[in-house]
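Residue-level listing of the chains:
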Amino acid sequence: MSMNKKVLGMIFANMHENTVPELTKERTMGSVMFGGRYRLIDFTLSNMVNSGIDEVGVITKSNYQSLLDHLGSGREWDLARKKGGLHLLPPFSHVTSGMYRGRLEALYGVSDFIIRSDAEYIIMSDCDVVTSMDFNPIIEQHIETGADITVVYASDVIDLEDARRSTIFGIGSDGRVNDVLINPSISGAANVSLNTFILSKEFLKNLILEGAAKGLYSFEEDILRARTHEYNIIGYCHKNYYKKISSMMGYYNANMDLLDSEKRGMLFPNNAPVYTKVRDNPPAKYAIGANVRNSLVADGCIIEGTVENCILFRGARVGKGSVVKNSIIMQDSIIGSKCEINCVITDKNVRISDGRMLTGSKNYPLYIGKGAEI
Amino acid sequence: MYTKKECVAMLLAGGQGSRLYALTQNMAKPAVPYGGKYRIIDFPLSNCVNSGIDTVGVLTQYQPLALHDYIGNGQPWDLDKQYGGVHALPPYQTALGAEWYKGTANAIYQNINFIDRYNPEYVVMLSGDHIYKMDYNAMLQFHKEKGAVATIAVQDVPLEEASRFGIMITDENDNIVDFEEKPKHPRSTYASMGIYIFTWSKLRQYLIDNENNPDEDKDFGKAIIPNMMNAGEKLVAYMFDGYWKDVGTLDSLWEANMDLLNPNIPIDLYDPDWKMYSRNPVLPPQYIGSDAKVENSMIAEGSSVDGTVDFSVIYEGVTIEKGAVVTDSIIMPGSVIKSGAVVEYAIVGENCVINSRARVGKRPEDVENRDDWGIAVVGHNITISENAEVAPKKIISENM
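Residue numbers (this note's numbering), protein chains in the order written: chain E, 1 to 374; chain V, 375 to 774.
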């Protein structure tokens with residue numbers, strides 16, 4: 001895939017962190033671990049790269065050590081480039097930038113970077129949606145329709161909790177956005193924003209500069225909602241499988257979705273690989289007495305016990321006689337022998353001693369923080 | 375320090391590996407997959423990096439495409455360096471003409487200019503047919519302490535196996551006083567591992583003299599080492615007692631993979647202090663299905679298992695369907711074992727399809743005459759049709 005038009009990707013790594021506060025205590029939303037070997041930003045970044053975008057800026061705010069460590073030079077995404085490539089944009093990275101309050105203000109902080117880019121179009125995306133998305137048809141539609149702003153949404157049925165953490169679009173039969181609801185208390189069928197927006201560079205530049213002059217800082221509130229009828233805002237319906245992570249439950253379910261081979265196939269199509277940082281782990285090892293069913297297992301795991309309906313991240317270990325079910329075991333977490341674990345999310349580097357029993361429930365998984373020893 | 379490297383490694387990777395038959399039909403032996411996600415060359419390359427050697431010349435000649443592709447710019451091993459790094463060195467044309475590498479010594483001779491660029495004190499010579507984890511720097515310290523011209527790494531092998539190796543006869547101070555190539559009646563059990571460290575200024579001269587002597591073999595074992603010994607140079611043996619396994623034959627390649635599954639055999643790929651690096655595939659984690667049964671095995675990323683896997687090494691991107699059985703076998707990247715197929719005591723190459731109810735290999739106890747038994751091998755990119763049977767010991771290099 002390759003872009004005919006020069007497109008700059010802008011990724012917001014810190015947005016929506018309040019929806020999964022446990023996971024983002026020491027990291028950005030973009031560096032939340034997902035699916036056995038990924039961080040959430042891998043999906044957005046890989047979608048951009050697979051769509052032929054070769055210049056990406058990552059805007060971050062706080063807690064970004066893990067993000068910088070993960071992205072490095074961008075080599076694993078083929079973004080370590082002389083021209084273009086990956087640009088990390090922490091606060092204070094430009095003269096005008098500082099701690100921002102919203103998307104618009106963050107963009108103002110990096111306006112030099114955006115203006116200097118020779119891109120014609122900008123794709124802005126957050127890290128809270130896990131999906132495989134080709135940006136080429138979206139850019140095409142944006143150009144064809146002559147939209148000021150194209151917003152990507154999914155038509156879905158959502159519950160109250162999800163709606164309260166989402167932006168919902170009202171969309172007319174002409175495809176035009178005629179209503180913007182931010183965190184509404186509704187449920188049912190809705191056009192859910194996937195927090196992905198396409199604009200021309202010129203249009204965005206003017207928004208940023210005007211926003212700075214008038215003290216506007218939120219793109220959703222001050223632009224999309226306040227100017228719904230003033231601008232030509234067009235929706236693009238993303239029909240592929242997606243999962244929006246807007247709560248710990250949502251995070252748990254999004255991971256568990258990967259045990260469904262159809263969904264897994266839609267998230268990891270053969271022609272659009274998801275890139276991530278390489279860790280040089282050996283293959284996973286299944287010992288005598290291992291009993292693994294319906295689970296996703298990453299390289300470097302050593303399994304001696306029973307594992308059912310689980311996501312095991314790189315370097316996780318399950319000891320002899322342990323039974324681990326319906327759980328997410330993150331990188332390098334070690335479960336001793338004869339443990340019973342059910343509906344648990346362990347963060348990185350958790351140690352669970354021999355014989356422990358830990359049980360959460362499917363609608364409220366038990367979360368164990370990074371580095372905890374139990 | 376952009377003018378000098380203390381030690382440069384030269385990896386002889388041009389051999390055809392003809393005893394691996396179908397597996398090396400289109401690829402050089404060092405590019406043959408090993409251990410679920412590695413290729414043989416990952417071991418010497420990772421050993422170099424872990425030993426602090428950051429300049430490696432890889433001498434290629436036979437079917438180099440897969441190997442060159444795999445090495446690339448050396449980044450997976452941290453060998454993409456401004457000065458040094460890994461360099462593939464195929465034979466080349468000069469003003470005097472072009473010639474193939476005529477032997478191990480000639481291969482190095484033709485690359486004297488490459489080595490001279492780094493002006494090294496020492497050169498370590500490696501081969502691409504062994505699986506082992508070794509600190510070449512410890513060997514180099516030994517070489518320096520002994521003040522040797524050449525140090526040859528040796529393993530103490532059982533006497534009954536000694537006649538398969540080049541055997542070093544040493545005195546009490548580790549000096550090599552004699553050596554014999556595959557002796558019928560070995561006088562020692564110190565087998566050469568094919569790992570040498572030379573003092574470069576000395577070796578350089580021996581290579582030139584060897585090249586200028588038309589009567590001599592252009593080979594280390596047949597000419598350079600004997601010439602050094604005859605000239606009274608100091609040659610010493612360096613004892614290495616870690617895991618070291620030749621993977622030059624189908625049986626030994628199979629065994630070396632199986633060794634990874636044996637907890638009593640000391641080849642630990644999970645040791646964070648001596649990581650083995652490789653080119654990592656971009657694939658999601660492996661999926662073990664609801665009907666799967668997996669024990670005593672290693673499986674790499676992107677594989678999907680819904681059948682039975684026991685005592686096997688499964689590489690990346692392999693599919694083992696529900697009802698398929700894979701035991702005591704090696705399945706290389708991208709292959710598909712369809713429902714009802716049975717693979718036992720076999721090596722299945724890259725991107726093969728073993729169709730439903732096909733049988734590849736047999737357990738030794740199921741074969742009447744033990745002489746008829748051996749590892750069954752299916753080469754790369756081969757389809758075995760439904761109900762077909764690949765007998766033990768058979769090597770398949772065409773679709774059947």
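It cannot be assumed that every hint is accurate.
Cβ-to-Cβ under 8 Å is the rule here; a few derived chain V residues that face chain E [unchecked claim]: (1) F516; (2) P659; (3) S664; (4) S671.
No lab work stands behind these hints: they were computed from the structure.
Glycine residues also receive a C-beta, built at the ideal position from the N, C-alpha and C atoms.
Structure-based check of all given hints:
no.: 1; hint: F516; verdict: violated (28 Å)
no.: 2; hint: P659; verdict: holds (4 Å)
no.: 3; hint: S664; verdict: holds (4 Å)
no.: 4; hint: S671; verdict: holds (5 Å)
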